[in-house]
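Residue strings, one per chain:
Protein chains: 2
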Amino acid sequence: MAENSALEPKQRILKAAISLFVQKGFAAVGVREITKEANVNIAMISYYFEGKVGILKAILEEFFERYSQMLRDAVTEEETTEEGIRRLIGHMVDFVRENTELAIVAYNELPLDLPELAELKVEKITQMIGIMSGLIKRFGLDPEDIYHLGMIGPSLISMVFMNFRIRSILKNVFKVKFDDAYYKEFKETIATLFLSGIQGIAAKKQMQKRGKT
Amino acid sequence: MAENSALEPKQRILKAAISLFVQKGFAAVGVREITKEANVNIAMISYYFEGKVGILKAILEEFFERYSQMLRDAVTEEETTEEGIRRLIGHMVDFVRENTELAIVAYNELPLDLPELAELKVEKITQMIGIMSGLIKRFGLDPEDIYHLGMIGPSLISMVFMNFRIRSILKNVFKVKFDDAYYKEFKETIATLFLSGIQGIAAKKQMQKRGKT
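From first to last, the protein sequence lines stand for chains U and Z.
For the first sequence, this note's numbering assigns the number 1 to the initial residue and increments by one for each residue that follows.
For the second sequence, this note's numbering assigns the number 214 to the initial residue and increments by one for each residue that follows.
Check each hint, because a few of them may be wrong.
[Said to hold, decoys possible] Keeping only pairs whose Cα atoms sit at most 30 angstroms apart, straight-line, the calculated DSBU-like set for lysine-lysine is: (1) Z:Lys-350 / U:Lys-177; (2) Z:Lys-400 / Z:Lys-390; (3) Z:Lys-388 / U:Lys-205; (4) Z:Lys-388 / U:Lys-171; (5) U:Lys-124 / U:Lys-24.
Derived from the structure by calculation, the hints contain no laboratory data.
Please model the entire structure based on the sequences and the hints provided.
Okay, here's the thing in structure tokens:
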């Protein structure tokens with residue numbers, strides 16, 4: 001824990017919790033395990049957070065904070081739609097590569113149906129859709145059409161995140177070496193897949209609209 | 214547990230374990246919890262399985278068995294490529310809808326890096342690629358190009374599975390009602406997204422090939 005000793009107790013707790021949650025999942029980790037790994041007194045947990053759920057909430061807040069910032073940086077007005085999507089997916093992959101543990105905890109524990117987290121999730125996801133709404137509109141899709149956004153948005157996120165979740169399988173089955181060349185190709189492949197995919201959806205919607213009028 | 218009492222002890226153990234693993238995750242569930250839920254003596258676990266990992270292995274085997282059968286049923290030779298993909302995605306969605314808990318346990322625990330499961334995962338995933346190879350070829354993609362299949366295949370799987378993992382979020386954020394009409398639209402949207410996406414990848418590969426010759 002030498003590398004952590006320079007961190008404030010609060011940061012040490014978060015760091016230890018993220019690492020333990022990735023390895024075992026939120027439900028399997030005890031508060032005492034976190035204090036031991038973080039080298040803090042158990043009273044610190046109540047002082048900084050409200051128990052284990054409070055720690056997870058803080059982790060999700062940190063994830064959404066950084067993730068939204070990344071989205072804001074990625075979405076600019078100057079580019080073409082294709083450039084915009086390629087840039088966005090490039091930023092997403094870099095983000096998960098640089099914050100792998102944080103991103104995997106968020107992805108794995110997001111479905112967790114705890115009342116303490118419900119409001120946070122609704123608020124942050126709505127905020128993310130807001131950031132992306134300009135990009136969504138450019139595809140001829142309607143940001144108010146949350147029915148379809150709820151199908152397409154999670155698809156894009158899971159395309160990117162899944163790859164990091166199953167690294168050990170990709171290594172064993174597909175003999176992947178996770179270097180810069182791999183991620184360059186990964187970004188291009190996922191961007192082409194999603195870009196062509198969403199263009200297909202927009203084209204279909206246009207046809208349906210014309211069919212109706 | 215009245216509904217379970219007609220099942221054999223082995224099936225009761227599997228059913229109880231699937232349900233507990235979905236709720237809490239594999240790592241958080243104890244063997245005693247499973248025996249209690251399944252209403253069996255703890256000796257039964259050693260008799261039928263080799264401990265908790267043995268139970269998970271049996272669950273993954275059941276998942277792969279049924280999932281591969283579904284893929285075999287979905288992939289026929291008579292259709293056009295578009296019909297093939299739409300049919301495949303339709304079957305995938307129906308499968309996860311009908312076997313939600315089994316599918317979610319498999320999806321959630323697949324990344325788990327346990328030596329007891331490594332061989333099974335490599336074998337079954339390789340088998341799945343074999344079943345799909347005809348469909349993969351029709352897109353002008355090479356089934357031997359596992360580098361790209363390892364990017365595209367997991368994307369498709371996670372597009373479908375993600376939706377079931379985050380049902381509570383979709384309900385709260387997007388006000389989704391998970392009825393037949395929703396899943397009809399979900400199948401069409403995901404199929405169009407993936408189909409147009411993979412056509413875009415194939416077109417790009419063709420262009421790159423032509424550029425080289």
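Outcome of the hint check:
Only pairs whose Cα atoms come within 30 angstroms are accepted, and Lys-350 (chain Z) paired with Lys-177 (chain U) is accepted, the gap being roughly 25 angstroms. A distance of roughly 15 angstroms separates the Cα atoms of Lys-400 (chain Z) and Lys-390 (chain Z); the hinted pair therefore holds under the 30 angstroms criterion. Straight-line distance between C-alpha atoms of Lys-388 (chain Z) and Lys-205 (chain U) comes to about 21 angstroms, which keeps the hinted pair within the 30 angstroms bound. With a C-alpha separation of about 39 angstroms, the suggested pairing of Lys-388 (chain Z) with Lys-171 (chain U) is violated against the 30 angstroms cut-off.
Distance hint between Lys-124 (chain U) and Lys-24 (chain U) is fulfilled; the C-alpha atoms sit about 25 angstroms from each other, no more than 30 angstroms.
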